[in-house]
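Sequences listed follow chains A and B, in order.
Going by this note's numbering, the first sequence opens with residue 1, and the numbers climb by one from there.
Going by this note's numbering, the second sequence opens with residue 1, and the numbers climb by one from there.
Hints in this document: simulated from the structure, not taken from any laboratory.
Every residue, glycine too, gets a C-beta built ideally from N, C-alpha and C.
Hints are supplied without guarantee of correctness; some may be wrong.
Covered stretches of chain A (chain B as the covering partner; in silico rule of three or more C-beta atoms under 8 Å from a C-beta of chain B) [to be verified]:
1. 101-114
2. 160-172
The calculated EDC-like cross-link candidates involving lysine to aspartate or glutamate, where the alpha carbons are at most 16 Å apart (straight line), are [unchecked claim]:
3. A:K120 x B:D103
4. A:K106 x B:D85
5. B:K122 x B:E141
6. A:K109 x A:D76
7. B:K29 x B:E55
8. B:K122 x B:D103
Chain B stretches covered by chain A per the calculated footprint, using a threshold of three residues with CB under 8 Å from any CB of chain A [what the hints assert, rightly or not]:
9. 71-80
10. 95-102
11. 128-136
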Amino acid sequence: MLGDEPSRMNPKTCSGLRSGHSGPWVLPYREGTRTGTRRRHPPQNRIGDAVSQEIWKEFEQNAITHSAAHHLMAVDRLMREHGYARVSDVARLLDITRGSVSISLKPLKAEGLVDQDENKFIRLSPRGQRVVDILLARRKLLIRFFSAVLRVGEEQAEVDGCKIEHLVSAATSTRLAAFLRYLEGEAGLMAKIEAGLDALGECEGAVDDCPLCEDTCLAQLVASGIGKARTDEVSGEA
Amino acid sequence: MADNNELIDELNRLLAEEVEASLRYLHLKGCLERGHARVLAILDETFRETIEHAEILGEKIRSLGGLPSLEIRLSCPPRKVTPADALHDALTVEEAALEAYQDLYDRVRENGKPAEILLFLKEQVEVETEHVEELRKILKEIGPAQ
Numbered sequence: 001m002l003g004d005e006p007s008r009m010n011p012k013t014c015s016g017l018r019s020g021h022s023g024p025w026v027l028p029y030r031e032g033t034r035t036g037t038r039r040r041h042p043p044q045n046r047i048g049d050a051v052s053q054e055i056w057k058e059f060e061q062n063a064i065t066h067s068a069a070h071h072l073m074a075v076d077r078l079m080r081e082h083g084y085a086r087v088s089d090v091a092r093l094l095d096i097t098r099g100s101v102s103i104s105l106k107p108l109k110a111e112g113l114v115d116q117d118e119n120k121f122i123r124l125s126p127r128g129q130r131v132v133d134i135l136l137a138r139r140k141l142l143i144r145f146f147s148a149v150l151r152v153g154e155e156q157a158e159v160d161g162c163k164i165e166h167l168v169s170a171a172t173s174t175r176l177a178a179f180l181r182y183l184e185g186e187a188g189l190m191a192k193i194e195a196g197l198d199a200l201g202e203c204e205g206a207v208d209d210c211p212l213c214e215d216t217c218l219a220q221l222v223a224s225g226i227g228k229a230r231t232d233e234v235s236g237e238a
Numbered sequence: 001m002a003d004n005n006e007l008i009d010e011l012n013r014l015l016a017e018e019v020e021a022s023l024r025y026l027h028l029k030g031c032l033e034r035g036h037a038r039v040l041a042i043l044d045e046t047f048r049e050t051i052e053h054a055e056i057l058g059e060k061i062r063s064l065g066g067l068p069s070l071e072i073r074l075s076c077p078p079r080k081v082t083p084a085d086a087l088h089d090a091l092t093v094e095e096a097a098l099e100a101y102q103d104l105y106d107r108v109r110e111n112g113k114p115a116e117i118l119l120f121l122k123e124q125v126e127v128e129t130e131h132v133e134e135l136r137k138i139l140k141e142i143g144p145a146q
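All chains should be built: construct the whole structure from the sequences, respecting the hints.
Here you go:
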């Protein structure tokens, strides 16, 4: 009955279940559209068209898509909380249709990450469990970094951790773990970072003496958000 | 089934299943390799039936005093689809729909009412069972997906 069924995942925490995207997230470079723009170097924040294309290809070929990560973690959570997982349970937890879950499980079964028995109960294979454990560990590290180091709000840290956990490489994850270990192992260092960030305040957009930026104020550019930037692109506003 | 609102919610979930399935069929039709008229006809017919089912579900929801509510998340990237791929996907979707109708039918049957909804669900279970069996039969003839 409904009372025994799992509650839905909070869609605000991570709503992007889609496995495909319409194009690169890297925005095209436009000269002279922000405060203090001037060219000292070639336009490096194209992030190089070629490079961004390569990154995008890598993203597309990623072994675990966002959708797959959600499905695997949903099965894991259901197994831990209820001891079983069916298509209907996963659908309810992720707030999607059963048809969608069934379609999404097909490649996961083919990859040997999940099994489904004759009674339609789903379980993670040892390999699938390993993938989930890695994803959860990466998410934990990312959330810790975003919230404790960057001082991002808890909910935003979770959303961003969820978006990235399946994309970030093992090498970067390992270095992130080492970085956090170092920061948290040094007495007073975290407090110093917090105080430093507070003292820095908001960026005013001047790039002349900025140790980070070259042509364009990166802080102001990223603060606008991709959705807003896309609107600007369409309307032609500076 | 606890109350009418819960039943309306469940019927809205079935509505989402049907609408999403129809969009999948539309996509499969568009991506199917050329020259497979029989499979194209099956996809076309199934597409139309899912739309019909969605319309009927909307009417049933209205008859219970509710309004259709639709929330689907679907992404169908471009891909080459062989006849076997298309039929396997269709079977997966139809099996999911059958299970969804069967589950709700079993739960509504516990109360035995509303009779109109119970009858509708029973008919849908029969229809979806027929679809699943047909697809399995055709797939046996065609062979495995790529």
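### Task
Compare the distance between the alpha carbons of B:K122 and B:E141 with 16 Å, and conclude whether the hinted pair is satisfied.
violated, 29 Å
### Query
Holds or violated: B:K122 with B:D103, Cα cutoff 16 Å?
Roughly 11 Å separates the two Cα atoms, so the pair holds.
### Task
Examine the segment 95-102 of chain B for residues whose CB is less than 8 Å from any CB of chain A, and state whether their number is three or more.
The restraint on the segment 95-102 of chain B holds, since 5 of its residues have a Cβ under 8 Å from chain A and three suffice.
#### Entry: Outcome, coverage hint (the segment 160-172 of chain A, chain B; C-beta under 8 Å; three residues)
violated (count 0)
### Query
Given the hint that B:K29 pairs with B:E55, does the C-alpha gap stay at or below 16 Å?
Measuring from Cα to Cα gives roughly 21 Å; hence the hint is violated.
### Message
Between the alpha carbons of A:K109 and A:D76, is the straight-line distance 16 Å or under?
### Response
holds, 15 Å
### Query
Mind checking, does the segment 71-80 of chain B have 3 or more residues with a CB under 8 Å from chain A?
holds (count 7)
### Query
If you look at each residue in the segment 128-136 of chain B, do at least three have a Cβ nearer than 8 Å to any Cβ of chain A?
violated (count 0)
### Query
Holds or violated: the segment 101-114 of chain A covered by chain B, criterion of 3 or more residues with Cβ-Cβ distance under 8 Å?
holds (count 4)
### Satisfaction of hint between B:D103 and A:K120, Cα-Cα up to 16 Å
holds, 13 Å
#### Entry: 16 Å Cα cutoff - pair A:K106, B:D85
Given that 16 Å is the threshold and the Cα spacing comes to 11 Å, the pair holds.
The structure fails hints 2, 5, 7 and 11 (numbered hints given earlier, in ascending order).
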